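These protein sequences, in sequence, are chains L and E.
Numbering of the first sequence is given in the working numbering, commencing with residue 53 and proceeding in unit increments.
Numbering of the second sequence is given in the working numbering, commencing with residue 838 and proceeding in unit increments.
Simulated from the structure, these hints should not be mistaken for laboratory data.
It should be emphasised that the depicted structure is a prediction, and the values quoted were computed from it without experimental measurement.
Hints are not guaranteed to be accurate.
[What the hints assert, rightly or not] Here are the computed lysine-lysine pairs in the DSBU-like style, where the Cα-Cα straight-line distance is at most 35 Å:
#, chain 1, residue 1, chain 2, residue 2
1, E, K1333, E, K1637
2, E, K1637, E, K1440
3, E, K888, L, K219
4, E, K886, L, K219
5, E, K1637, E, K1447
6, E, K1447, E, K1565
[Claimed, not checked] Here are the computed distance ranges between Cβ atoms for each label pair:
#, chain 1, residue 1, chain 2, residue 2, range
7, L, R223, E, A859, 24 to 32 Å
8, L, S210, E, E1596, 40 to 48 Å
9, L, S189, E, E1341, 42 to 50 Å
10, L, R223, E, G862, 20 to 28 Å
11, E, K1333, L, R223, 53 to 61 Å
12, L, A76, E, R1344, 29 to 37 Å
13, L, I193, E, S942, 55 to 63 Å
A virtual CB, placed ideally from N, CA and C, is assigned to each residue, including glycine.
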Amino acid sequence: MTIPSPSTGEVTQLLVAWGDGSQAALDQLMPLVHDELRRLAHRYMRRERPGHTLQTSALVDEAYLKLIDQKRVHWKNRTHFFAISAQLMRRILVDHARSHHYAKRGGGAGKVSLDEAMIVSPERGADLMALDEALTSLAEIDPRKSEIVEMRFFGGLSVEETAEALKLSPRTVMREWSMAKAWLYRALSHES
Amino acid sequence: MNPEQWQRINRLYHSALEREPARRGAFLDEACGGDESVRREVESLIAAKEKAGSFIESPAYEVAAEMLVGDQKQSLGGGSISHYKIIKLLGVGGMGEVYLAHDNSLGRQIALKILPAYFMKDDDRVRRFKREARAVSTLNHPNIITIHEIGEAQGKHFIATEYIEGETLRQYVAAREMKLPALLDIAVQVADALASAHEAGITHRDIKPENIMVRRRDGYTKVLDFGLAKLTEPQSTSAGLEAPTKTLLKTEPGMVMGTALYMSPEQARGLAVDARTDMWSLGAVLYEMVARRAPFDGASTSEILVSVLEKDPPPLARYSRGVPAELERIATKGLRKDRDQRYQLMKDLVLDLKSLKARLEFEAEMERSASPEIGPAATPPEGVVVAQPAVKTTIQAAVPTSNVGYVVGKIKRHKLGMIAVVAAVVMAIATYAYFSYFSTRGNAAISSVAVLPFVNVSNDPDAEYLSDGISGNLINSLSQLPQLKVIARGSSSRYKGQEIDAPEVARKLGVQALVTGRVVRRGDMLRIEVELVDARENRHLWGDQYNPRNEDLLQVQAEISRVIANKLRLHLTTGEQQQLAKHETVDVQAYDLFLKGRSSWDKGRTEDAKKAVEYFERAIAIDPNYAPAYAELSHCYSDLVSGSILDPKEFTPKAEAAARKALELDEGLAEAHLAYGRIRLYAWDWAGAERELKRVLELNPNLSAAHALYAFYLGLVGQHEQGIAMIKRARELDPLSINANYGVAFQLSLAHQYDQPIEALKRSLELDPNNPLVSRLLGDIYLAKGMYAEAIGAYQEVIKLGGDSPGTQIYLGAAYAKSGMREQAQAILRRLEISERYISPGELVVLYVALGEREKAFASLERAYAAHDSQLMFLGVDPSFDPLRSDPRFKDITRRVGLTP
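Just need the whole structure built from these sequences, with the hints factored in.
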């Protein structure tokens, strides 16, 4: 009678396999995590008053607790999970935007609203796709910056957590972040 | 750009930022050493950084949830806008999504249309639209949908209107074979609405079948979306002869093919519209209702528009036999290209339509009386839903007048048939929804459900019994389905008046789905709203509202059960379907009293039970053939007898008589068998009791009380394993009832398993320390285990909690005696022997045995047998009797009671 939920063992294994470089593991992992996040998102949406934003870490923490067999994963892996969940989140959100035909405006990356947080909504789905493309371009010239953005923007990691995951100093993360942000902002506003 | 350059840019970017903005230029002049591309890059990045602000500073999925949730196309599902709580998506059109919503402030259902943001950009247009919508609303025309509010909240523009339980005209016509007068009736209602709006100077601009709602149950028609087209239509131009395609290219999103079909030539040209534009559109709608095809057709929007501008529609007679010439004339006049040649006033159209309708009805009446051979068997009665074949051309809509005549007569004679029709329609929709739903989702069927107490939203607290009663009846009725687990009333009722978190409640009750509902009673008006939620995903499966007249209440409840069963994807046998559809035909007043009685009994206090007896008796006085009332009355008597409130000598026979009467009236009534089974059990008729209990569970496999009584029986006759399994089933069905855990503990104690119940009972006491029943059972178990000091403590607790009864005294005495405190035990015995109260001789045996008074014990046993003392049921299982067991006299009396020694 409980909600059918992926067995925690399965996710743990997949995560380890992915960590070892298995792309097939990622493909299997995606729908599991996606479903879980969606379910959680649903619950949060119901609980929160409309308009309230979600507590990022609450969402991921809960997914983590639910999906990962705590006993079998070393605590250190939690950072690893966040890093991975950042990549997953990116893929999920971008795939979602794409599959829901949020047509990119003006053909190319298009006009993008660059306000505050990039709010995800039907109109902003296109922004998300544009950001994804820009981030991929950034990765070509500077993979580390792209990774930091992925972790912080898609993964919701703090500067310290990102630093820990990438074995960098927080100061370096801040510097890289600042420039990556400028680069992306320019990339997105250029084309408008 | 090569990596070295990029590294350089990186370095320079950070170095420059470390300097005062005013000094950066000089720094870069020097640092770049004339490499202009590097310098430009650094400067542009710094400029971007200054502008970026909080760009991407908030993580993506702070808002991702909205997007992920939006996956299901119900971006608002479960949410709220302003004070409207979204219930479900009703439809999506060019003008936005329409939701069924609940108006929290006024407690009514409404339709909420969310307007796409791009329609609302032009403030001026929005203002004009609002003004017009309000103006139309103030007309209070019965055929114009009432607008409650046009507003904006959470960045969304919305229109809240009254909710019509119906279909769009397109759906309505497609689902029915409609007779001409019925079609004309709809057209008259629309025309009348438009006439009234036109008089107020308002043009609709977008009359089409999608903007006309027809109430399912009676064909009552309402026109929607006055002036909404204003937000989307191209600004009128003076270029009157512009090519239509050019005009069309200028239209904005939301302009759909469907609209072109009803668009007037002046609209196609982009000219200003006036009331006569609506005339055209209504003409096109009327034409299509009769011909089953639009007057101007085409493969593309531009083809349609060319046809609108240049072609004459084919005569209606080509598509429909027997179209009256007058109808042909009316339609043609509405569809004149030159608006000066159309009806100039909608009022005139109304008059023409009305008189045509009257004439057709009159002719039909004449024809009917002239041809009596057209009998009911020959023609389906009016209103029967005939599935329409998909191929349009085969449809014959306007029927020969002879048929019409029959129909008119039938309407007069068979008003009542409509109720059946409504049921059929509901079923059809439910079936359709069910198939379309489950064919797209491979979800497993739902096998367990809880019906939560319906909320009484009347201002009248007296209507509580009605909301409780209706949910109770749904429980009863769904309980009959063997493949479905239905939670008993006792546990569901725990959620009365509470905020419901569906997944949480479902988890506690151990079910997959929840049924919730609301009941509104205002004077004679009654409305029932039901919702079915798949709690596994917190997803709305179905919801509907009913406005039964009092006398239809039972029928509507049966209907709701059937729809729910369908929604749960249960495959019902014909017998089960009939069972669900079955409902007693009972006097409204008697039913009312019955519900009041049950509601009162559910409260559980002695005085409530007494009141319940009164209600049931009054119900029976009104309707002496009301089986469920007899069954409940029997239960009430039995309860009051076993609680020593009523005299068993007088009321046990009364309980039996009521149960027998209930059975005589309705052999298929589970509660009647349960009541009678209880009587048989207390009469030591073991086989009879078992027979009745088996029958109860056949009839209603979800009756938790029957499982509990059956378990009791099994325990008494020593079939402990089955008994324990049975009581656990009872607990599953009624997990939150106060007795759920107590029952299991009691059952285990019958099987002489003590440790588990002790733990369970202690936990119960922590939660509910004031329940004397729990302490009493705990005492009995301690006594059986030889833990006398604990037993004494427990019994003293019982007495302290007001549970002082001769029985408790007897067992306390036995505990004293066994722990060596004979004096205290003797004192209790003496008090009991001189007591005025009825002392069960069967129970007294326990004290005699404990004091070692064997002969007195046997004498008391014989007295108990003679008095048919209910305690003798426990002869086989109560360890207090153990010292007597080897005695042949004990074996003999055990046999006489019908148990195996």
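Worksheet item: When the hints from earlier in the document are held up against this structure, which numbers fail?
Response: Per hint list: zero violations.
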